[in-house]
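Undergrad: Each chain is listed here by its residues.
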Amino acid sequence: MYEKVKRMTATMRIIHWVNVFSIITAVITGLYIANPFFQSFIAEPAAHKYVMAYNRLFHFFAALLLDVVSIVIFYLYFASRFEKVYKKVIPTKQNLKEFWEVFLNLITLNRRKNFDSTHLDSFNAVYFTVLHLLLLWMLFTGFYMYVQGLESGESAIGRWWPALLHLATDWVGWLLGGHAGVRWWHHFTMWLILSWVAFHIYYQVWRTIFWKEGDIGIVFGGYKFKKQPKEQV
Amino acid sequence: MQFFSREHLRSVFTKPTNYINTNRGEAYYKALYEKMRKRLDELKAMSPVREADIKFEKMLDMWELSRRDFLKWVSATTALLMLPPNFEPLVAEAAEVMNRVPVIWINIQDCDGNSEALLRSSAPTVDELILEYLSLEYHETLMAAAGDQAEEALEKAVHDFKGKYLLFVEGSIPVGMPEAFTIGRHPETGVERVQRLAKDAAAVIAVGACAAFGGIPAAYPNPTGAVGVMDVVKGKPIVNIPACPANPTNMVGVIMHYVLTGELPELDSLLRPKFAFGYRIHDNCERRAHFDAGEFVEEWGDEGAKNNFCLYKMGCKGPFTFNNCSIVRYNDGTNWPIGIGRGCIGCSEPDFWDKYATERPLAASNIRPPGLNGVESTVDQVGLGILTATVIGIGAHAVASLVAGKKSDENNQ
Ligand code: HEM
Ligand code: SF4
Chain A
1 MYEKVKRMTA
11 TMRIIHWVNV
21 FSIITAVITG
31 LYIANPFFQS
41 FIAEPAAHKY
51 VMAYNRLFHF
61 FAALLLDVVS
71 IVIFYLYFAS
81 RFEKVYKKVI
91 PTKQNLKEFW
101 EVFLNLITLN
111 RRKNFDSTHL
121 DSFNAVYFTV
131 LHLLLLWMLF
141 TGFYMYVQGL
151 ESGESAIGRW
161 WPALLHLATD
171 WVGWLLGGHA
181 GVRWWHHFTM
191 WLILSWVAFH
201 IYYQVWRTIF
211 WKEGDIGIVF
221 GGYKFKKQPK
231 EQV
Chain B
1001 MQFFSREHLR
1011 SVFTKPTNYI
1021 NTNRGEAYYK
1031 ALYEKMRKRL
1041 DELKAMSPVR
1051 EADIKFEKML
1061 DMWELSRRDF
1071 LKWVSATTAL
1081 LMLPPNFEPL
1091 VAEAAEVMNR
1101 VPVIWINIQD
1111 CDGNSEALLR
1121 SSAPTVDELI
1131 LEYLSLEYHE
1141 TLMAAAGDQA
1151 EEALEKAVHD
1161 FKGKYLLFVE
1171 GSIPVGMPEA
1181 FTIGRHPETG
1191 VERVQRLAKD
1201 AAAVIAVGAC
1211 AAFGGIPAAY
1221 PNPTGAVGVM
1231 DVVKGKPIVN
1241 IPACPANPTN
1251 MVGVIMHYVL
1261 TGELPELDSL
1271 LRPKFAFGYR
1281 IHDNCERRAH
1291 FDAGEFVEEW
1301 GDEGAKNNFC
1311 LYKMGCKGPF
1321 TFNNCSIVRY
1331 NDGTNWPIGI
1341 GRGCIGCSEP
1351 DFWDKYATER
1361 PLAASNIRPP
1371 GLNGVESTVD
1381 QVGLGILTAT
1391 VIGIGAHAVA
1401 SLVAGKKSDE
1411 NNQ
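Residue numbers (the working numbering), protein chains in the order written: chain A, 1 to 233; chain B, 1001 to 1413.
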């Protein structure tokens, strides 16, 4: 007998897919911004076709979505009524043990499984937190570059916006050695995020195949299944 | 006010977007005018540094510059300093009392390109004349004196104008290998020289990328440990006028500002005057429409190049670079790098030679990755390396799982 366990609320799933599509958009448009890889053959005067401008626009839309969603996620880490993620990230003895056990499960190729796989485990919680830190880093480096174009100190929504961005991101330039360094890191972190994504997808599929608990369903329907121990059947 | 009234609609649709505050209100300019007036009167009351100096009008004559040339220059300079037109008489007067401000100009590790930029224009310019007219007490490449005589002149100037002279420094200072630069019969290293002369200066003006940030001598591997003036001189007001070479307009602008107000202009976080370095090249570039359109020069001399497309893919670093060349241009406003179709190499930014002066966009340039000195690769090569390593790890794990992995139900059996 299998028991159905709810793992993600609708909100959480929406957040997940918004993140996915924003990251895909940011990667594609970001690579174009970095080194425009297709030529615009549209037979229009320059003032009409706006290929780079649209790429940047979509990059910024993706960035905006990521930022807004980040704030929601940050809030949910502490205040979710469903599952407070921060409880799995703080290094308590129990969390450290769970992290280690899940890790062993992975490298012993599922020969050892001494933890409760019905809940969010510490290993995944930490892994997700790494992504959010990478996205936060993208946000700081991205906004550092963004505010370079507002050098007049004015913006369509007022002076507070560039002022706020300077306040929040000037340290990044100081840390990374100016615009070139910031752009290098922004671009490089994209590769870190892509590596993160590669392992993330592999790991969830691997779990689904080897644990036989339908883990992949979590992000689509919100549920996974847990086999009942025989005695209880 | 009614919603659809003209005034209201205008206020809704004309938010100040890309706009530099060139109008600070009547009260501000009135006070400023008074202040400048007072300062100029003070300077006028002083006698020129060298009594024998020729009058400014005579100078114009000698250089075959008409009064009209001069007035044109005055309007341009007034605009450069973001002053309203009624300040023009003050600017003109300021030019005439320039010889009251003593200047000492020294060269350390450099090519003298900044002095050259000021001097080697197509026709005599007022900027050049100003340099001649300034009370230039010491300038290695310009003065007639040599050897002991020159050293004496320098000592005398430092002694006579203690605390009053402006010290212009051109060139980077080798701190890692101080003996790489020594000068004079009583040899002095660059570090010693700059520190000694800065001690008694009213302010230090670093001209050119080298004096500001180390420039080309500081490029990797920086054999002499070259740095800019601000890393060597402490406790003195410093103005950086970077670029390779610094634009004569901006050098003269800083001097004019000092003559007019007795103060240094407002500076940004890299100590560059905001009136010149408050603009990003990319935002005032005549090719910007082609950037937004995605029309790029792909190769030198291709169709795009013939049609003045954007130079981003040929390595233009205008998006990273703050300077006013896109507005005032070079050589008397004749042209500038992007105008001739070459792209910006970011020469007014720190580390420009290592990080900006490439012929590809940043992402496609070989820039030493942080912490991996000596390795030359693009960010994509480094990043792809990491992604490849991840994928290999995943592959190994997947194969191992297929061969030796245990499915959970086997566990349970
Ligand atoms: C998953 C997230 C993101 C990815 C993968 C990504 C990727 C990239 C890449 C590859 C570039 C080109 C860098 C280069 O020239 O080498 C870029 C540029 C840029 N990104 Fe992002 N980015 C992300 C998020 C953000 C965020 C959150 C912001 C915040 C506003 C942002 C703002 C920018 C800006 C302003 C530029 C420079 C564009 C220009 O000046 O034309 N990005 N991004
Ligand atoms: S030529 Fe350079 S500064 Fe001009 S629009 Fe293109 S990238 Fe920007």
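It should be emphasised that the hints constitute simulated quantities derived from the structure, not laboratory data. Mixed in with the good hints there might be a few duds.
[Said to hold, decoys possible] Calculated pairs, DSSO-like style, for lysine-lysine (alpha carbon to alpha carbon, straight line, at most 30 Å): (1) B:K1058 x A:K97; (2) B:K1035 x B:K1058; (3) B:K1058 x A:K226; (4) B:K1407 x A:K93.
Predicted model, so just to flag it, every value in this text is computed and none were measured.
Undergrad: If a hint holds in the structure, say so; if it doesn't, say that too.
TA: How the hints compare with the structure:
As the CA atoms of B:K1058 and A:K97 are separated by approximately 89 Å, the hinted pair breaks the 30 Å bound. Between B:K1035 and B:K1058 the CA atoms are separated by roughly 29 Å; this keeps the pair inside 30 Å, and the hint holds. Between B:K1058 and A:K226 the alpha-carbon distance is near 98 Å, which puts this suggested pair outside the 30 Å criterion. For the suggested pair B:K1407 and A:K93, the alpha carbons sit about 29 Å apart, so the restraint of at most 30 Å is met.
The structure does not agree with the numbered hints 1 and 3 stated previously, though it agrees with the rest.
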